[in-house]
Amino acid sequence: MVQRPENIANIINGVERYNPENIDALENYLNHQCENGQYDCEANLAILKLYQFNPQLAKEPIVAKILVKALTALPAPDFNLCLYLLAEHA
1 MVQRPENIAN
11 IINGVERYNP
21 ENIDALENYL
31 NHQCENGQYD
41 CEANLAILKL
51 YQFNPQLAKE
61 PIVAKILVKA
71 LTALPAPDFN
81 LCLYLLAEHA
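Per the UniProt record's numbering, the sequence shown starts with residue 1, numbered consecutively.
Hint data in this document are derived by calculation from the structure and do not stem from the laboratory. Do not rely on the hints blindly, as some may be mistaken.
Derived CB-CB ranges, DEER-like [as the list claims (entries may be wrong)]:
(1) His32 <-> Ala76: 16 to 22 Å
(2) Asn7 <-> Leu74: 16 to 22 Å
(3) Lys59 <-> Asn7: 17 to 23 Å
(4) Val15 <-> Thr72: 27 to 33 Å
(5) Lys59 <-> Tyr84: 16 to 22 Å
(6) Gln38 <-> Glu16: 18 to 24 Å
(7) His32 <-> Glu60: 26 to 32 Å
(8) Val15 <-> Tyr84: 19 to 25 Å
(9) Leu81 <-> His32: 28 to 34 Å
(10) Asp24 <-> Pro75: 31 to 37 Å
(11) Leu83 <-> Glu6: 26 to 32 Å
(12) Ala76 <-> Gln3: 26 to 32 Å
(13) Pro75 <-> Gly14: 28 to 34 Å
Straight-line distance between alpha carbons at most 30 Å, and here's what the computed DSSO-like set of lysine-lysine pairs gives [claimed, not checked]:
(14) Lys65 <-> Lys49
(15) Lys59 <-> Lys69
(16) Lys69 <-> Lys49
(17) Lys49 <-> Lys59
From the three backbone atoms N, C-alpha and C, an ideal C-beta is built for every residue, glycine too.
Start from the sequences, fold in the hints, and give me the full structure.
The structure is reproduced here in structure tokens:
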């Protein structure tokens, strides 16, 4: 199980998960994951869900990082979960 910071846990475990004002915190957490060799699928899916609801906020470099991190989790279905959230924009 991932040891995520308390502020991130609060965001993804409640209604704040859908608040676009939290996108910066989630993106910063993704960058932290990349820098420290960590992986938090649930937090990364929350970013993609926010992008799905707010396409004007979507950033291709962030999406690419999420997909690469998901690939590192193979054979887990994480990559496919990410793709399903992106399918509408493909």
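Taking the hints in turn, this is what the structure says about them:
| no. | hint | result |
| --- | --- | --- |
| 1 | His32 <-> Ala76: 16 to 22 Å | holds (21 Å) |
| 2 | Asn7 <-> Leu74: 16 to 22 Å | violated (29 Å) |
| 3 | Lys59 <-> Asn7: 17 to 23 Å | holds (20 Å) |
| 4 | Val15 <-> Thr72: 27 to 33 Å | holds (30 Å) |
| 5 | Lys59 <-> Tyr84: 16 to 22 Å | holds (19 Å) |
| 6 | Gln38 <-> Glu16: 18 to 24 Å | holds (21 Å) |
| 7 | His32 <-> Glu60: 26 to 32 Å | violated (20 Å) |
| 8 | Val15 <-> Tyr84: 19 to 25 Å | holds (22 Å) |
| 9 | Leu81 <-> His32: 28 to 34 Å | violated (21 Å) |
| 10 | Asp24 <-> Pro75: 31 to 37 Å | holds (32 Å) |
| 11 | Leu83 <-> Glu6: 26 to 32 Å | holds (30 Å) |
| 12 | Ala76 <-> Gln3: 26 to 32 Å | violated (18 Å) |
| 13 | Pro75 <-> Gly14: 28 to 34 Å | holds (31 Å) |
| 14 | Lys65 <-> Lys49 | holds (15 Å) |
| 15 | Lys59 <-> Lys69 | holds (16 Å) |
| 16 | Lys69 <-> Lys49 | holds (16 Å) |
| 17 | Lys49 <-> Lys59 | holds (13 Å) |
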